[in-house]
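When you get a sec, could you build the whole thing from the sequences and use the hints?
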Amino acid sequence: MKKLIVFFIVSFALATLNGYFFNYINDTYLHFDVNYNKHQNISKSELNFVAICIAPIVETLIFQYFLYLILIKWINIKNNMFCIIIMSIFFSSMHYYNWLYVIMTFFGGLILNNLYVYYHKHLPEYSFILTVFFHSLFNLYGYLFIM
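Count along the sequence shown from 1, then add 6; that gives the number in my numbering.
Among these hints, one or two may not hold up.
[Unchecked claim] In silico EDC-like pairs for lysine to aspartate or glutamate, Cα to Cα no more than 20 Å straight-line:
hint, residue 1, residue 2
1, 79, 131
2, 50, 39
3, 9, 131
4, 8, 131
If you're looking for bench data, these hints aren't it; they were derived computationally from the structure.
Right, here's the structure in full:
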(Lines of atoms letter the chains of each structure in order from A and count residues from 1; the text may use other names and numbers.)
(Lines give C-alpha, C1' and ligand atoms only; values in the text may rest on other atoms or scores of the structure.)
Protein backbone atom coordinates (compact mmCIF):
# COMPACT_ATOMS: atom_id res chain seq x y z
CA MET A 1 0.00 0.00 0.00
CA LYS A 2 2.87 2.36 0.77
CA LYS A 3 4.19 1.88 -2.78
CA LEU A 4 0.80 2.87 -4.23
CA ILE A 5 0.72 6.09 -2.17
CA VAL A 6 4.30 6.97 -3.15
CA PHE A 7 3.40 6.37 -6.81
CA PHE A 8 0.44 8.76 -6.43
CA ILE A 9 2.60 11.46 -4.82
CA VAL A 10 5.41 11.13 -7.37
CA SER A 11 2.88 11.26 -10.21
CA PHE A 12 1.32 14.37 -8.72
CA ALA A 13 4.73 16.01 -8.39
CA LEU A 14 5.49 15.24 -12.05
CA ALA A 15 2.10 16.57 -13.15
CA THR A 16 2.70 19.74 -11.16
CA LEU A 17 6.14 20.20 -12.71
CA ASN A 18 4.56 19.66 -16.13
CA GLY A 19 2.05 22.43 -15.41
CA TYR A 20 4.67 24.85 -14.14
CA PHE A 21 7.06 24.11 -17.01
CA PHE A 22 4.50 24.78 -19.72
CA ASN A 23 3.12 27.77 -17.84
CA TYR A 24 6.66 29.17 -17.72
CA ILE A 25 7.11 28.59 -21.47
CA ASN A 26 3.82 30.36 -22.13
CA ASP A 27 4.50 33.29 -19.80
CA THR A 28 8.06 33.80 -21.03
CA TYR A 29 7.80 33.24 -24.76
CA LEU A 30 4.29 32.79 -26.13
CA HIS A 31 1.80 34.76 -24.01
CA PHE A 32 -1.33 32.77 -24.80
CA ASP A 33 -4.18 34.10 -22.69
CA VAL A 34 -4.90 31.11 -20.45
CA ASN A 35 -7.72 32.96 -18.70
CA TYR A 36 -9.57 33.72 -21.92
CA ASN A 37 -13.04 32.30 -21.61
CA LYS A 38 -14.14 30.96 -25.01
CA HIS A 39 -17.44 29.97 -23.48
CA GLN A 40 -19.05 33.38 -23.00
CA ASN A 41 -22.33 31.84 -21.80
CA ILE A 42 -20.68 30.24 -18.75
CA SER A 43 -18.98 32.12 -15.92
CA LYS A 44 -15.38 31.44 -14.89
CA SER A 45 -16.54 29.99 -11.57
CA GLU A 46 -18.89 27.61 -13.40
CA LEU A 47 -16.09 26.70 -15.81
CA ASN A 48 -13.77 25.99 -12.88
CA PHE A 49 -16.45 23.85 -11.22
CA VAL A 50 -16.74 21.82 -14.40
CA ALA A 51 -12.93 21.51 -14.67
CA ILE A 52 -12.54 20.40 -11.06
CA CYS A 53 -15.66 18.29 -10.47
CA ILE A 54 -17.25 17.17 -13.74
CA ALA A 55 -14.46 16.91 -16.33
CA PRO A 56 -12.29 14.49 -14.32
CA ILE A 57 -15.18 12.02 -14.08
CA VAL A 58 -16.16 12.28 -17.76
CA GLU A 59 -12.57 12.31 -19.05
CA THR A 60 -11.52 9.36 -16.87
CA LEU A 61 -14.53 7.43 -18.10
CA ILE A 62 -13.76 8.17 -21.76
CA PHE A 63 -9.97 8.51 -21.99
CA GLN A 64 -8.88 5.99 -19.38
CA TYR A 65 -11.61 3.47 -18.59
CA PHE A 66 -13.28 2.97 -21.99
CA LEU A 67 -10.24 3.63 -24.14
CA TYR A 68 -8.02 1.28 -22.12
CA LEU A 69 -10.75 -1.37 -22.24
CA ILE A 70 -11.02 -0.99 -26.03
CA LEU A 71 -7.26 -1.13 -26.51
CA ILE A 72 -6.56 -4.17 -24.33
CA LYS A 73 -9.76 -6.20 -24.82
CA TRP A 74 -11.07 -5.43 -28.30
CA ILE A 75 -7.93 -4.43 -30.19
CA ASN A 76 -5.86 -6.78 -28.02
CA ILE A 77 -2.84 -4.53 -27.48
CA LYS A 78 -0.52 -6.09 -24.91
CA ASN A 79 2.00 -3.26 -24.58
CA ASN A 80 0.86 -0.93 -21.78
CA MET A 81 3.24 1.86 -22.82
CA PHE A 82 1.73 1.85 -26.31
CA CYS A 83 -1.75 2.02 -24.75
CA ILE A 84 -0.68 4.92 -22.53
CA ILE A 85 0.66 6.85 -25.53
CA ILE A 86 -2.51 6.26 -27.60
CA MET A 87 -4.70 7.26 -24.64
CA SER A 88 -2.60 10.41 -24.18
CA ILE A 89 -2.95 11.37 -27.83
CA PHE A 90 -6.74 11.11 -27.58
CA PHE A 91 -6.77 12.96 -24.25
CA SER A 92 -4.63 15.84 -25.51
CA SER A 93 -6.52 16.14 -28.80
CA MET A 94 -9.67 16.97 -26.85
CA HIS A 95 -7.92 19.88 -25.11
CA TYR A 96 -7.31 22.06 -28.13
CA TYR A 97 -7.27 25.57 -26.72
CA ASN A 98 -3.92 26.29 -28.37
CA TRP A 99 -1.06 24.09 -29.59
CA LEU A 100 0.98 24.56 -26.39
CA TYR A 101 -1.94 23.35 -24.28
CA VAL A 102 -2.26 20.25 -26.47
CA ILE A 103 1.41 19.44 -25.86
CA MET A 104 1.08 20.10 -22.13
CA THR A 105 -2.00 17.88 -21.86
CA PHE A 106 -0.23 15.16 -23.83
CA PHE A 107 2.50 15.00 -21.17
CA GLY A 108 -0.11 15.37 -18.44
CA GLY A 109 -2.03 12.56 -20.13
CA LEU A 110 1.06 10.35 -20.04
CA ILE A 111 1.19 10.83 -16.28
CA LEU A 112 -2.56 10.43 -15.80
CA ASN A 113 -2.80 7.36 -18.04
CA ASN A 114 0.25 5.77 -16.47
CA LEU A 115 -1.39 6.27 -13.08
CA TYR A 116 -4.60 4.65 -14.32
CA VAL A 117 -2.81 1.67 -15.87
CA TYR A 118 -0.63 1.21 -12.77
CA TYR A 119 -3.63 1.25 -10.43
CA HIS A 120 -5.62 -0.91 -12.84
CA LYS A 121 -2.90 -3.54 -12.43
CA HIS A 122 -2.49 -3.21 -8.64
CA LEU A 123 -5.89 -2.00 -7.39
CA PRO A 124 -8.34 -2.60 -10.26
CA GLU A 125 -11.44 -1.90 -8.16
CA TYR A 126 -10.12 1.57 -7.23
CA SER A 127 -8.28 2.59 -10.40
CA PHE A 128 -11.18 4.66 -11.73
CA ILE A 129 -11.88 6.60 -8.54
CA LEU A 130 -8.18 7.16 -7.81
CA THR A 131 -7.65 8.55 -11.31
CA VAL A 132 -10.68 10.84 -10.96
CA PHE A 133 -9.39 12.01 -7.57
CA PHE A 134 -5.90 12.65 -9.01
CA HIS A 135 -7.29 14.55 -12.00
CA SER A 136 -9.61 16.65 -9.79
CA LEU A 137 -6.81 17.38 -7.37
CA PHE A 138 -4.50 18.45 -10.19
CA ASN A 139 -7.16 20.69 -11.77
CA LEU A 140 -7.84 22.23 -8.36
CA TYR A 141 -4.13 22.81 -7.86
CA GLY A 142 -3.91 24.46 -11.27
CA TYR A 143 -6.88 26.67 -10.46
CA LEU A 144 -5.49 27.72 -7.07
CA PHE A 145 -1.79 28.09 -7.81
CA ILE A 146 -0.99 28.13 -11.52
CA MET A 147 -3.71 30.20 -13.20
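Do the hints match the structure? See the list:
no., hint, in the structure
1, 79 / 131, "holds (17 Å)"
2, 50 / 39, "holds (14 Å)"
3, 9 / 131, "holds (17 Å)"
4, 8 / 131, "holds (17 Å)"
Violated hints for the displayed structure: none, as all numbered hints are satisfied.
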